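Below are the chains, spelled out letter by letter.
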Amino acid sequence: MSHPASTGRRLVHDVDLIDPLDVARFGGKAAGLARMRRLGLRVPPAFVVETAACGIYQSEGRQIPLGILAGCREQIARLEAQTGKAFGGDTGVPLLVSVRSGAQISMPGMMDTVLNLGLDRRSVLRLAAASGDPSFALDTWTRFWSMFSDIVLDVDPEVLADGIATERSRAAERLHADTAAALEHRVIEVLAAESGPVPLNPHEQLEAAVRAVLDSWDSRRARLYREHHGIPHDLGTAITVQAMVFGNLGTPAGSGVAFTRDPSTGAPRLYGEYLAGGQGEEVVAGTRTPVGLDAAEADWASIVTELEGYGQRLEQEYRDALDIEFTVEAGTLYLLQVRPAKRSAAAAVHIATAMVSEGLIDPADAVLRVSRDQVKRLVSPEFDQEAVDSARASGHLLTKGVPASPGHGSGEAVFDADRAVEHASAGREVVLVRPTTSPQDLRGILAARAIVTARGGATSHAAVVSRALDKPCVVGCEDIEVRLEERAFVAGGRRVSEGTTISVDGATGEIILGELPRRVPTRNLDALNELLDWADDRSGATLWTEATSALPVELARGTGAAGVGIVPLTDLLQAVGRLPVLLKAIERYSADPDAPEADIEVAVADATATALEPLLAAAGDLAVDVRVPNLTSGRARAWVEKWTTLAPHLLMPLGARRLIAAYARGALAATQKTGHTGLGLLAAGITSAEELEQFAAEVGPELTVGAVLQNPAVLVDATDLAAGGRPLWIDLAELVRTTLGRPEELLYTDSYTELPPLLTQLLAGLVGTDAQTRVGVRLTGNAVTSATALHDLGFRVFSSTPAQSGELRLLLGQHVLEEDPHD
Amino acid sequence: MTDEEFLALNSIYLKKIATSAAVSASTGLPEQAVERVLAGAEASGRVIDVGQGMLMLSEDGVHAVLGEFSERYAASREDQVVEDWYKRFELLNSQFLKVVTDWQQDGGDLSKLERLLKLVERQVRALGHIIDRIPRYGVYSQRFTQAIEAVDKGQIAYLVSPDVDSIHSIWFEFHEDILTVLGRPRDVAEPAE
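Heads up: the protein sequence lines correspond to chains A and B, in order.
Going left to right, the first sequence walks through residues 549 to 1371 as the working numbering numbers them.
Going left to right, the second sequence walks through residues 34 to 226 as the working numbering numbers them.
A hint or two may mislead.
Pulled from the structure, derived: some chain A residues nowhere near chain B, Cβ distances all over 12 Å [to be verified]: (1) Ser646; (2) Ser683; (3) Arg734; (4) Ser764; (5) Ser767; (6) Tyr773; (7) His776; (8) Thr880; (9) Leu881; (10) Val1068; (11) Gly1125.
Taking lysine to aspartate or glutamate and the EDC-like style, the derived pairs with C-alpha atoms no more than 20 Å apart in a straight line are [to be verified]: (12) B/Lys186 to A/Asp710; (13) A/Lys890 to A/Glu877; (14) B/Lys131 to A/Glu775; (15) B/Lys131 to A/Asp660.
These are calculated hints, taken from the structure and not from any lab test.
Note that the structure is predicted; figures quoted are calculated from it, not measured.
Idealized CB from N, CA, C, for every residue including glycine.
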């Protein structure tokens, strides 16, 4: 079989002439450029070596086929003609190009971008003359060598920078033929010592960059990635070569980045900044202060208008918020790159919902545009803003450092890792404060709610570890002095010693004295709910929220919960300080089954009513499912002092009948007092459908009765339970534990991610019948990962914590859309 | 102190708290040898068993390890080759931390991952230039290589998670190790930005 190369098929193409939809052949980058050029957007001219070149290069023993080299020369000549510049050569303004790899699917191991290719000791002088700015020309040239060294030759660019420092500063003093030649000579010397022969001529450099892309396709890393992700090895990568334009040639000139919508709020307005007479990288690197597009200088006004027009056209085409990298060369606006804009969690939700109402996307697209992490971030509690303001006003702001890992946390200040671990294991919340961190502090970081270091920047080891753990971290608090031997730090003349509670804002870098209350911010909830309702439409899922006090109930209502549950009555009793009443009644009941009603029914009913009233009042028209205490649970064992000596009959299923009656009496009183009509009382730990009926008989006809299923035994009665019409909840973590016979200390851990097959089989019996029984699944912690499997089984009702509820709704909606995108 | 004891105690020193299995994994010493050495160190009061197989150094132990560093690396502290090597490491270190940060803040951008792994490979090569002076640094190369392989197979936790022997965990330990070799306090070594 003959190679395509020997049949003379073209492998190098003018980007203007390729099919923008053929991403497999031309790669994502070139296809994107072609799409922009087709839209009539001004993009610097480019050419592409198609993906088939990879296979040919391999099969020809890693030789670049002559046809490709000839094709590149031909295309370079076209770029020269189109731009009026010269690539290499001895006259004219130099043509510089960028070289990028661009596969259909991006993957690690592929060559990074090389910019500014086309300069040598002669052309750098002509670039200096054309721009009237020798230091720009020199920077451009040394930046090229830095990238070429790093990316094509794999030599640490810092080593190169060190090696050429003397010659570079001579050239910077006065750039002329001698200093440029000396610098080039030195560059070659340093690089040759590290890597072998180095190409000098721009045409040879281009060839080396092309070869580096072709080699990178076959790098060990790229191969492994493809194997891991099932991507075929023969897909190949394309190589895109594009003419560069310069933001400091002519006037007006400059470079910048524009967002079609505000990347922090999502507001639909052109947002961004530019640097007059600068290169894009300087904007990104933040070495000079750029000008906001909303405050553009007079000669930029028409450019901003033009950008706005481009932005709207591009949004129509790409149906997403975009970031646009642009350069203005001698008054002409060029778009360099357009891609989906990075955005904050709030912006992601606002943009997705706004685009639906603008008719750009449909609700299904919107659901897929937001990530679970973003939803999680939007419902994670923040310091209450009023509390922050008043703390500031009353002088409680201790210091402001460098914010290194976002999030809000409070705790007692501790000054070494051992103390942090010690206090945390005693159930206290701690903030680890260190002068700087070493690996010895890792345990302390794990135990702490937040981390503060006096020294170090946002890229310090402490910052890296905190971000990996998703913990608030503030570093570089220059004006605090940590006195380890005194277990204290001093900030602004104030001494904070161990045990003092401080609050850390990882987003602003503020350290505040005292504990600040945390709330879920409400500002984004409307947009989030709109989005999550669309997710529910797809999944058909209904979410209940676990809450034991008024505040989370309000949040549950705010986030569209169908009900509040499962609420353990024990937690409610504890919240109002009435748990001892129940514990005393249990002991009394155990000692004497015929103890007077005042000690059992009256006492427990009264405590139950007191515990339920605030929750029912807050719930309003939301249904509430409350689980009665289970005397065989691990918590009961820990709380009931003489548990081992309790009368055995109390521990039998429904053994404590008088208590059940008492809970029912209290619950009924609470509903009457609050006017709440949707209370369900759930039995726990039952082992058969018959027991549930006995429990119901004990409770009486006035209240709705259901059950929490916690062991596999009761699931054998699935058919009867499903036919019974009583609401049922599956306590998934507990069921997995009992099915696998694991100790209580190990509930649902990371060690397995799939439901045990026996459990899947048993659970399947509860759904799919025509019965109108509501069967919900309680998903908390890691059990959330089972949500999609349960949805596949047919479950549609779930309960979780307020923090996880939104994430779960999005997950289920996305799951259905991914399974059946045309749904 | 024997070489084996120094390796084992230094490993606990860097980790603060470790099992003998972890000491074996991070020193390349066979587990039996580690157990024997640590039992001896426990008997002499340098190591404390804090339960569940976790071991820590006593104050004496920390003192002994630091003393050993001063003694063993007195020559290295005067050696221009080691000093130059360390300067190159500092350059690499600040690039590494910068790119890890970019990767974390960019939601796992693949090109950042690529750069990050490239820098680690450079560090592995650089370690090859110093093992004639500090032979035990060969183990860091092996650990880095194993972590890179894990990341290549899609186990992203091996980048920065403190729960596994991740690239950042190894780097962090190595950084502390080289600073201790040179006898420099960490306070002056963190990038101030």
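Hint by hint, which ones does the structure fall short of?
4, 5, 6, 7, 12, 13 and 14
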